[in-house]
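Model the full structure from these sequences, guided by the hints.
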Amino acid sequence: MAGPLAIDVAHVTRVYQKYSARHRFQTFKSALLKGDLIRSLRSDELVTALDNVSLRVEKGKTFGLIGENGSGKSTLLKIVSGIAKPSRGTVTVRGKISALIELGAGFHPEISGRENVFINGIMLGLSKKEITDKFEEIVRFAELEDFIDAPVKTYSSGMYMRLGFSVAINVNPEVLLIDEVLAVGDASFVPKCLDRIDDFRRRKKTILFVSHDLPTVEKICDRVAWLKNGRIRALGEPKRVIDLYLQDIADKKEGEFRKKQEGVDIENVRAEEGRREARWGKRDVEITRVTLKDGSGRMKHVFSPEDGLRIEMEVKAREPQKDFVFGVGLFNSQGTSCYGTNTSLEAFRPVRIDGRGKVVCRIKRLNLVNGTYYLDVAVHKADGTPYDYHRNLYAFLVASRHKDVGVARLDHSWSFSSRVRVKPPKKR
Amino acid sequence: MANIFHNAGELVRYRVLIQNLVGRELKARYRGTVLGFLWSFVNPLLLMTVYTLVFGFIIKPRDPSFNNNPIIYALYLFCGVLPWTWFASSAVESANILMIQGNLIKKVLFPAEILPVVVVTSNFIHFLYGLPILLAAKAVIALTVPGAPGFSWALLQLPLIVLVQYLFCLGFGFLLSALTVHFRDIKDILGNLLTFWFFATPIVYTLKLAEGAPAVKTLLNLNPMTHVISGYHSCLFTGELIHWKRLSVTLAVTLLLFAVGMYVFDKLRDSFPEEV
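Taken in order, these protein sequences are the chains called S and F. First residue of the first sequence? That's 1 in the working numbering, and the numbers climb one at a time after it. First residue of the second sequence? That's 1 in the working numbering, and the numbers climb one at a time after it.
None of these hints come from the bench; they were simulated from the model. Cβ atoms here follow ideal geometry from the backbone N, Cα and C, with glycine treated the same way. A few of these clues could be false.
The list that follows gives simulated cross-link-like pairs (lysine-lysine, BS3-like), each with its CA atoms no further than 30 Å apart [to be verified]:
hint, chain 1, residue 1, chain 2, residue 2
1, F, K27, S, K134
2, F, K107, S, K228
3, F, K107, S, K85
4, S, K282, S, K316
5, S, K85, F, K138
6, F, K138, F, K60
One side of the interface only, derived from the structure: several residues of chain S facing chain F at Cβ under 8 Å [claimed, not checked]:
hint, residue
7, V15
8, S81
9, G82
10, I83
11, A84
12, K85
13, A99
14, A105
15, G106
16, F118
17, I119
18, I122
19, M123
20, D186
21, F189
And the structure:
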């Protein structure tokens with residue numbers, strides 16, 4: 001441990017009561033009649049929101065919390081802020097806290113922004129004089145100079161949030177707790193908030209930052225913890241923890257895709273109007289099974305472009321055939337054809353197919369943009385008469401770190417002449 | 001017990017916040033109305049008019065204390081209705097306040113116990129606005145109606161009664177606000193309870209009226225609000241010395257209620273963020 005601790009969360013468990021339907025209809029009267037007034041205040045089922053969570057944040061460090069919805073991030077933040085109490089374990093925070101959990105939670109709609117700033121400031125622990133001193137700054141930061149004397153109920157949700165953020169950040173805390181509040185700001189306000197957060201970091205304040213915006217987390221946090229189902233799954237260096245988290249998400253999606261794929265019964269696809277999936281053809285030559293693998297032969301449903309894609313078709317000819325073409329087609333979720341080819345277009349000359357066999361189409365780099373893709377596979381005669389056509393029966397996901405848009409990622413590079421100065425992208 | 005004293009001490013620490021929140025309530029309450037602050041005066045005036053019409057002119061007072069004069073009776077009514085309104089509105093608003101301000105309790109580190117204090121205090125301010133009207137009415141009636149009671153030194157006892165009622169309202173407010181979080185139907189029971197309570201308190205009639213029925217008298221005497229309202233009658237209407245023994249017992253009961261209210265509130269406090 002290098003510096004003194006600002007936040008020390010030790011073995012914190014938080015259990016919530018899950019009320020049964022019985023309780024909801026429980027009334028004071030019936031509780032009195034049944035004589036179980038005290039018992040009815042308890043409940044039968046418990047939900048563990050946090051399970052033996054320990055973390056320490058040194059003074060002056062920025063600590064990130066990531067995880068899926070419902071993983072316990074907000075509960076942890078509320079416990080650190082003191083709004084909620086841990087069921088077991090202890091939390092120690094040194095220094096004045098300001099929590100940006102719900103911005104403007106204490107605003108009264110009927111009175112003016114000016115009066116709300118004062119009351120909100122007092123709620124957050126400022127004295128009247130401190131607020132008077134900072135008032136101009138608060139209003140300027142919120143960009144509400146023209147509206148500060150209007151009742152808060154006339155504000156747009158963005159104005160409301162800006163004012164809330166501005167008051168909270170001007171409390172000048174030692175420890176700042178931020179819960180996903182930046183998600184609602186507009187394109188000009190969010191960078192301003194981030195600047196202010198950077199400013200806090202420079203002044204060696206401690207920040208606990210909850211966000212789904214992983215690039216920001218990676219950029220501003222010194223350490224990151226990944227929460228899953230109320231437990232800390234990983235804690236440490238941001239990039240490592242974020243990668244573990246992303247891997248977990250990819251695994252989860254992989255599982256979902258596999259489940260969906262297993263649910264498809266390719267033998268009995270009904271041809272219906274409006275259905276994406278379809279299968280037709282007389283099946284003189286039949287595609288009995290299609291598997292998707294990556295370049296090294298592992299079965300997958302979530303691919304990164306570097307993985308490559310192998311489409312393996314198990315085929316069966318009822319009788320020997322001399323006229324056959326194998327084809328594949330990739331479609332994105334809008335139904336746009338991204339790529340399609342077949343053995344005839346590439347001038348393979350069919351000779352004979354007999355009995356069972358295997359046809360593999362290898363794509364070395366899967367240069368598609370992020371998204372879900374559907375696969376068509378088919379075997380047909382050279383004149384187009386289908387033997388067996390599988391329309392959109394198979395799906396896979398492309399998940400890459402690139403954020404480019406369009407249909408496909410074309411191989412490209414940038415160059416700039418000397419008068420155009422740019423810095424190279426940050427190494428990830 | 002030490003905990004209760006500690007909590008009461010905390011309330012003093014939050015006085016700036018309480019002050020500001022009360023100010024906000026007062027400002028916000030009549031925002032957008034034409035009469036604005038005047039409503040604080042007009043409301044009790046209208047209420048008194050209704051009661052005077054019904055109890056003074058339609059059902060004529062049989063009580064000899066009023067010289068069979070509806071105007072004197074109206075003054076008597078006013079002396080009781082004004083503090084009762086303070087008590088009843090405090091109770092009704094306390095029962096809702098934690099739910100209304102749920103956002104504060106759930107999302108901000110906010111001392112929940114100041115919410116009932118704000119409710120009781122802002123209703124107290126409204127009561128204070130009503131007092132000058134009451135005193136002016138009393139002065140006018142004393143000058144114009146023969147046999148009407150005048151001013152006396154007894155008026156100086158008023159702060160004492162006000163203090164007892166303030167504590168009583170607070171204790172009741174703590175208890176109600178905390179329990180309503182778990183039993184929402186208190187809100188519905190409360191309306192009826194307060195109507196009953198109103199008539200079980202000598203506001204539209206005098207205690208003397210119950211002399212003949214010992215059972216009723218005992219019942220009335222068990223009601224702490226009887227003694228609070230009688231206190232107001234002593235200072236503001238008859239100009240007598242407050243019945244000290246009664247008042248000290250009432251104060252003791254009030255302190256007990258205050259302690260119980262604080263205790264229950266404190267016990268249930270941790271459940272507020274997830275329940276409101």
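Here is what the structure says about each hint:
1. Note on F/K27 and S/K134: the hinted pairing holds, with a Cα-Cα distance of about 24 Å set against a maximum of 30 Å.
2. Restraint check for F/K107 and S/K228: the C-alpha separation of about 22 Å stays at or below 30 Å, so the hint holds.
3. This hinted pair checks out: F/K107 and S/K85 have alpha carbons roughly 13 Å apart, not beyond 30 Å.
4. Distance check on the hinted pair: S/K282 and S/K316 sit about 13 Å apart at the alpha-carbon level, within 30 Å; holds.
5. Proximity of S/K85 to F/K138 is assessed by CA-CA distance (about 54 Å); at most 30 Å being required, the pair is judged violated.
6. The hinted pair formed by F/K138 and F/K60 meets the criterion: a straight-line CA distance of about 21 Å does not exceed 30 Å.
7. The closest approach between the C-beta of S/V15 and any C-beta of chain F is roughly 11 Å, which is over the 8 Å cut-off, so the hint fails.
8. Contact between S/S81 and chain F, as hinted, is supported at the beta carbon level, the nearest pair being about 5 Å apart and thus within 8 Å.
9. Of the supplied interface hints, the one on S/G82 holds, with its beta-carbon coming within about 5 Å of a beta-carbon of chain F, less than 8 Å.
10. For the restraint placing S/I83 at the interface with chain F, the shortest Cβ-Cβ distance is roughly 5 Å, inside the 8 Å limit, so the hint holds.
11. With 8 Å as the threshold, the beta carbon of S/A84 comes within range of chain F, its nearest partner Cβ sitting at about 5 Å, so the hint holds.
12. Because the beta carbon of S/K85 sits about 5 Å from the nearest beta carbon in chain F, less than 8 Å, this interface hint is met.
13. For S/A99, the suggested interface contact is upheld, since its CB lies about 6 Å from the closest CB of chain F, less than 8 Å.
14. The criterion of a C-beta within 8 Å of any C-beta in chain F is met by S/A105, whose closest approach is roughly 4 Å, and the hint holds.
15. Taking 8 Å as the C-beta contact cut-off toward chain F, the hint placing S/G106 at the interface holds, the least distance being around 5 Å.
16. Below 8 Å, beta-carbon pairs count as interface contacts, and S/F118 has one with chain F at about 7 Å; its hint therefore holds.
17. The interface hint given for S/I119 holds, since its Cβ lies 5 Å from the closest Cβ of chain F, which is under the 8 Å cut-off.
18. Nearest Cβ of chain F to the Cβ of S/I122: about 5 Å, under the 8 Å cut. The hint holds.
19. Interface hint at S/M123: satisfied, since its Cβ lies 6 Å from the closest Cβ of chain F, which is below the 8 Å cut-off.
20. Because the closest C-beta pair between S/D186 and chain F is about 22 Å apart, greater than 8 Å, the hint is violated.
21. Because the smallest distance between the Cβ of S/F189 and any Cβ of chain F comes to about 20 Å, over 8 Å, the interface hint for this residue is violated.
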